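> Taken in sequence, the protein lines are chains A and B. Residues 70 to 162 (this note's numbering) are what the first sequence spells out, left to right. Residues 70 to 162 (this note's numbering) are what the second sequence spells out, left to right.
These are calculated hints, taken from the structure and not from any lab test. Keep in mind the model is a prediction, meaning the values are calculated, not measured. Careful: at least some of the hints might be erroneous.
[Stated by the list, open to error] List of simulated lysine-lysine pairs, DSBU-like, C-alpha gap at most 35 angstroms: (1) Lys106/A to Lys142/B; (2) Lys79/A to Lys127/B; (3) Lys107/B to Lys142/B; (4) Lys142/B to Lys161/A; (5) Lys106/A to Lys142/A; (6) Lys107/A to Lys79/B; (7) Lys106/B to Lys142/A; (8) Lys79/A to Lys107/B; (9) Lys161/B to Lys142/B; (10) Lys142/A to Lys107/A; (11) Lys127/B to Lys106/B; (12) Lys127/B to Lys152/B; (13) Lys152/B to Lys79/A; (14) Lys127/B to Lys107/B; (15) Lys79/B to Lys152/B; (16) Lys152/A to Lys79/B; (17) Lys161/A to Lys127/B; (18) Lys142/A to Lys127/A; (19) Lys106/B to Lys127/A; (20) Lys142/A to Lys107/B; (21) Lys152/B to Lys152/A; (22) Lys127/A to Lys107/B; (23) Lys127/B to Lys142/A; (24) Lys127/B to Lys106/A; (25) Lys127/A to Lys107/A; (26) Lys152/B to Lys142/B; (27) Lys127/B to Lys127/A; (28) Lys142/A to Lys142/B.
Protein chains: 2
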Amino acid sequence: MNSELHNLRKSIDNIDSAMVLLLAERFRITAQVGEYKKLHQLPPADLSREADQESHLKQLASESGLDPEFALKYLELVRSEVKRLHAALQAKN
Amino acid sequence: MNSELHNLRKSIDNIDSAMVLLLAERFRITAQVGEYKKLHQLPPADLSREADQESHLKQLASESGLDPEFALKYLELVRSEVKRLHAALQAKN
Chain A
70 MNSELHNLRK SIDNIDSAMV LLLAERFRIT AQVGEYKKLH QLPPADLSRE
120 ADQESHLKQL ASESGLDPEF ALKYLELVRS EVKRLHAALQ AKN
Chain B
70 MNSELHNLRK SIDNIDSAMV LLLAERFRIT AQVGEYKKLH QLPPADLSRE
120 ADQESHLKQL ASESGLDPEF ALKYLELVRS EVKRLHAALQ AKN
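Construct all of the structure, not just a fragment, from the sequences and the given hints.
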């Protein structure tokens, strides 16, 4: 394969690997948040916090050349997984 | 707010910020791949490459404690955005 294409794909692969490791770490942390909320009897959702996250990520996306709507799609994806993991944890307990 | 919850959320925010910057960079690179493929008249999809990506990310997810199915969902999300961006680019040209 041409080395230019090979190099671009290698960069994509490195980024994807970094993303997977960061996602793994993110869900380790949300598991701790879930434990904390359970212990302190806090509600699972915090709408004010969610709005702040959306606004911050959209701003950062705009500044870095990413479609802000895509940043929200990323956030939706991880939030749906957080909900799935919390539900699975509750079902287990 | 309790400092433990505050700290956990700060880590989540840092990870999300890193994700957005990495996603921005990933789409900068896929734009270059798109240009390369157009110049060399290569087909947009490469099924063998896609299978390799899936297998590698699932393996890495398993090793790092992330649900391998979620790694695939991440990949689907970015691939759908790559297709959307390529289609938008073609419509513009």
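> Hint by hint, say whether it matches the structure.
Cross-check of the supplied hints:
Restraint check for Lys106/A and Lys142/B: satisfied, since their Cα atoms lie roughly 27 angstroms apart, inside the 35 angstroms limit. For the proposed pair Lys79/A and Lys127/B, the alpha carbon gap of about 17 angstroms is at most 35 angstroms, so the pair holds. Distance check on the hinted pair: Lys107/B and Lys142/B sit about 27 angstroms apart at the alpha-carbon level, within 35 angstroms; holds. Between Lys142/B and Lys161/A the alpha-carbon distance is near 24 angstroms, which keeps this suggested pair within the 35 angstroms criterion.
Distance hint between Lys106/A and Lys142/A is fulfilled; the C-alpha atoms sit about 25 angstroms from each other, no more than 35 angstroms. Taking the CA atoms of Lys107/A and Lys79/B, the gap is about 19 angstroms. The hint holds against a cut of 35 angstroms. Taking the CA atoms of Lys106/B and Lys142/A, the gap is near 27 angstroms; set against the 35 angstroms cutoff, the hint holds. As the CA atoms of Lys79/A and Lys107/B are separated by approximately 19 angstroms, the hinted pair is consistent with the 35 angstroms bound.
With a CA separation close to 29 angstroms, the supplied pair Lys161/B and Lys142/B stays within the 35 angstroms bound. About 27 angstroms separates the Cα atoms of Lys142/A and Lys107/A, which keeps this hinted pair within 35 angstroms; it holds. Pair hint Lys127/B plus Lys106/B holds up; C-alpha atoms about 27 angstroms apart against a cutoff of 35 angstroms. Of the pairs offered as hints, the one joining Lys127/B and Lys152/B holds, with about 22 angstroms between alpha carbons and a cut-off of 35 angstroms not exceeded.
Simply put, Lys152/B and Lys79/A have alpha-carbon atoms about 19 angstroms apart, close enough for the 35 angstroms limit, and the pair holds. The straight-line distance between the Cα atoms of Lys127/B and Lys107/B is roughly 30 angstroms, inside the 35 angstroms bound, and the hint therefore holds. With a C-alpha separation of about 33 angstroms, the suggested pairing of Lys79/B with Lys152/B holds against the 35 angstroms cut-off. Taking the CA atoms of Lys152/A and Lys79/B, the gap is about 19 angstroms. The hint holds against a cut of 35 angstroms.
Distance check on the hinted pair: Lys161/A and Lys127/B sit about 24 angstroms apart at the alpha-carbon level, within 35 angstroms; holds. Among the hinted pairs, Lys142/A with Lys127/A is consistent with the structure: their alpha-carbon atoms are about 11 angstroms apart, no more than 35 angstroms. Between the alpha carbons of Lys106/B and Lys127/A the distance comes to roughly 30 angstroms, so the proposed pair stays at or under 35 angstroms and holds. Under the criterion of a C-alpha separation no larger than 35 angstroms, the hint pairing Lys142/A with Lys107/B is consistent with the structure, at around 28 angstroms.
Proximity of Lys152/B to Lys152/A is assessed by CA-CA distance (about 28 angstroms); at most 35 angstroms being required, the pair is judged to hold. A threshold of 35 angstroms between alpha carbons decides the hint, and for Lys127/A with Lys107/B the separation of about 31 angstroms falls inside it, so the pair holds. Annotation: proposed proximity of Lys127/B to Lys142/A holds, straight-line Cα distance about 21 angstroms (limit 35 angstroms). Restraint check for Lys127/B and Lys106/A: the C-alpha separation of about 30 angstroms stays at or below 35 angstroms, so the hint holds.
Restraint check for Lys127/A and Lys107/A: satisfied, since their Cα atoms lie roughly 30 angstroms apart, inside the 35 angstroms limit. Under the criterion of a C-alpha separation no larger than 35 angstroms, the hint pairing Lys152/B with Lys142/B is consistent with the structure, at around 15 angstroms. In summary, the hint linking Lys127/B to Lys127/A is supported, as the alpha carbons are separated by about 28 angstroms, within the 35 angstroms threshold. For the given pair, Lys142/A sits about 12 angstroms from Lys142/B by alpha-carbon distance, which is consistent with the 35 angstroms threshold.
Against the hints set out earlier in the document, no violation occurs for any number.
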